[in-house]
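Taking the hints into account, I'd like the entire structure generated from these sequences.
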Amino acid sequence: MIVRMVSYVTTGYVAQLTDHTGQAYNSTCFFINPFHKLGFSERRMVMKLDFVNVSFIVFWTNANKNGLVSMDELDIGKQVYFNDVIMRKVVSFVNNVRDRQNLELVSVTMNDLSSRVPYISFDNDNSILDIYFTRVEPVMNVSIAGNDFKVMALTSSVRRACPDNPISQPNVCIFKMQHIIKRFSRQIYRLHIGGISDFERRLGYIPDHQLVLSRDLCDEFDQLKNVDSLVLRNLCLMSSVIQYWSSSECILTNQISSLCFHSIWFDHAEDIDNFVTIISGSVRKLYLSDCSGKTIMNIVGRLRNFSSKLKILYIAIDHRTFRTVDQARQLFTEVSKLTDKLHVCVCFSRFVCQPGFRILANVISSLPEFQQITAVELDLGPLRKSMRTYDQFFAGLPKMSQLRVLRLFGFPINYGCMDLWKAMLLSISQLSQITEFSVINLLRNIRTDELRAFCESLPANLSTLALHHVHQLQNDHVSLIAERCPHLDTFYVRDLRSVTSEGTIKALMEFRMLTKIAVCHSGPVTKQAYELLANHEVMPYIEAVILGGNRDHQSGTVLEDLLRRLPHLRVIGTWNRWRDCEYHLWRSSKAYKELLDASCYADCPGCGKDETLFDPPLYFEIGTNIKLNAACGYPVHEEK
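Numbered continuously in the numbering used here, the sequence shown closes out at residue 1323.
Don't read these hints as lab results, they were simulated from the structure.
Each hint should be verified, as a subset may be incorrect.
Stated by the list, open to error - 25 Å max Cα-Cα, derived SDA-like pairs, lysine to any residue:
#1 Lys977 to Glu932
#2 Lys908 to Ile857
#3 Lys908 to Ile962
#4 Lys994 to Phe1053
#5 Lys772 to Ser1271
#6 Lys968 to Pro1288
#7 Lys1024 to Ile995
#8 Lys772 to Ile863
#9 Lys992 to Thr960
What you are looking at is a predicted structure, and each value in this text was computed from that prediction instead of being measured.
If you want it as structure tokens, here you go:
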């Protein structure tokens, strides 16, 4: 349903209702502006109408032959109809807490309605309560549905400076958290308890400034009855918290099915072994990022006590994870027995002079021995000459019968490493079992003829393919990909400098079975491409697209046809001569999320990317990191 403004009156708006084809309904709505006396501007009210497609209090009337009602015929007192369904949708998009409080003061009905609907912000995942720090002060950010609250907190430095060694949060912290949780508890399904960023954690003086998770704060988290996922990142766990979370009295840890650990600190050395007891039998998805080999082995010992296997186990490893190769072999042997799907991410880019680098290199060659691994993400790193490790790794990849996802990224392959390139091509041509394949930044310097061999060796069963920064990829290579991968469902390309607008059109014509496609930073997408995507006969299955390279606004007629098919719009970036923006359009929120996931690499499904493990040029070239709105289902227009 679309609302078009017809006229404005002192007390509200008169609007005509139309469907997505422009056909007018045989009725007219009169919209009362409840914010008029509360200091809200009429301009803001119109913006609310444009976003949510309805307004706040609706008075239905009979329409005349022209579909409109004159103001003389409108008798509000006799023709009042309150539509609770519409009102819930409308009020939910008033996500600002202060605005919502003002709305609740309008009437008892609005107060009751506001307490029963969630807070929806367009550019956020509205089901996450995120706690983190943005400054070197004992003040944490509590973020939920577009609202950011500043809350005083107990940090390691504050605790050390106090002579009485406090073990609880300040009273003002508990007071604010109680009010936040009371207001948002119904819509919170994921709890992210974080602290400092990864970059800050790498600096020696910053860990003193991390959050100390205390027992009284855990009592407040127990009020969240719907939480299904818990993330603990860069914080200090007190002994009392570990003891409470390990008991049957705790509600939070005994109800979650997804748990993520990332760089946890402790009060006492014995807590390093004890903290694994907070993993309950309800956990089915476990994500381990920035954990030592000893910690992971302790977790494995805990998992042995449960009768059922994990559905997914994610392990991110780098040069600090293992002390010996035997320790790594033992770990992968044990975890393979305890999970249905094993996802391994290996990071090589930095710290090449560290002692653990060679150990990690030897670990890579042994990965093909473990058949339970279903996804491998490998950063090839900068040192590739005379390293037989990669030869052994690529030679063993075809033997991994359960492997379904392969993501390769890192420094570009240069001409001195062509042996590695040949081993990689031979391995890829034999990977008939994988369905998702990503190559990010590695093919930047590869010549055109070599890229032709790459396209001809792609697995025929691929459903998802992502190529980033392949500068020499040309139009005819796209045809080879379409011929080689007839079942391709998702195609994501970024920074393909040699692919012309004709090549983009050709790709759309040949990938007719695609449901998701992204063409980013590869030159401007022409008007003809928009028309093809809007054509049901040419692209019959398309559900989500990302189109980049736009240096100026597209004309309304170009977008209008595509919006009829893909009604949800998000605009990322700004228009100017130096930078371009991206149009994100989708019909299915699930398809849009899958398209975004195709562009990701080394992202922990629980807590995201550890930025300190990658070279800045590689990390920052990837582009905007987008959080999908959990309430996708309404048109979105966003500029950042």
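Evaluated hints:
This hinted pair does not check out: lysine 977 and glutamate 932 have alpha carbons roughly 28 Å apart, beyond 25 Å. At most 25 Å may separate the alpha-carbon atoms for a hinted pair to count; lysine 908 and isoleucine 857 meet this at roughly 18 Å. The hinted pair formed by lysine 908 and isoleucine 962 meets the criterion: a straight-line CA distance of about 18 Å does not exceed 25 Å. Annotation: proposed proximity of lysine 994 to phenylalanine 1053 holds, straight-line Cα distance about 17 Å (limit 25 Å).
Distance hint between lysine 772 and serine 1271 is fulfilled; the C-alpha atoms sit about 19 Å from each other, no more than 25 Å. Straight-line distance between C-alpha atoms of lysine 968 and proline 1288 comes to about 10 Å, which keeps the hinted pair within the 25 Å bound. Distance hint between lysine 1024 and isoleucine 995 is fulfilled; the C-alpha atoms sit about 5 Å from each other, no more than 25 Å. Among the hinted pairs, lysine 772 with isoleucine 863 is consistent with the structure: their alpha-carbon atoms are about 22 Å apart, no more than 25 Å.
Of the pairs offered as hints, the one joining lysine 992 and threonine 960 holds, with about 17 Å between alpha carbons and a cut-off of 25 Å not exceeded.
Hint 1 from the list above is the single one not met by this structure.
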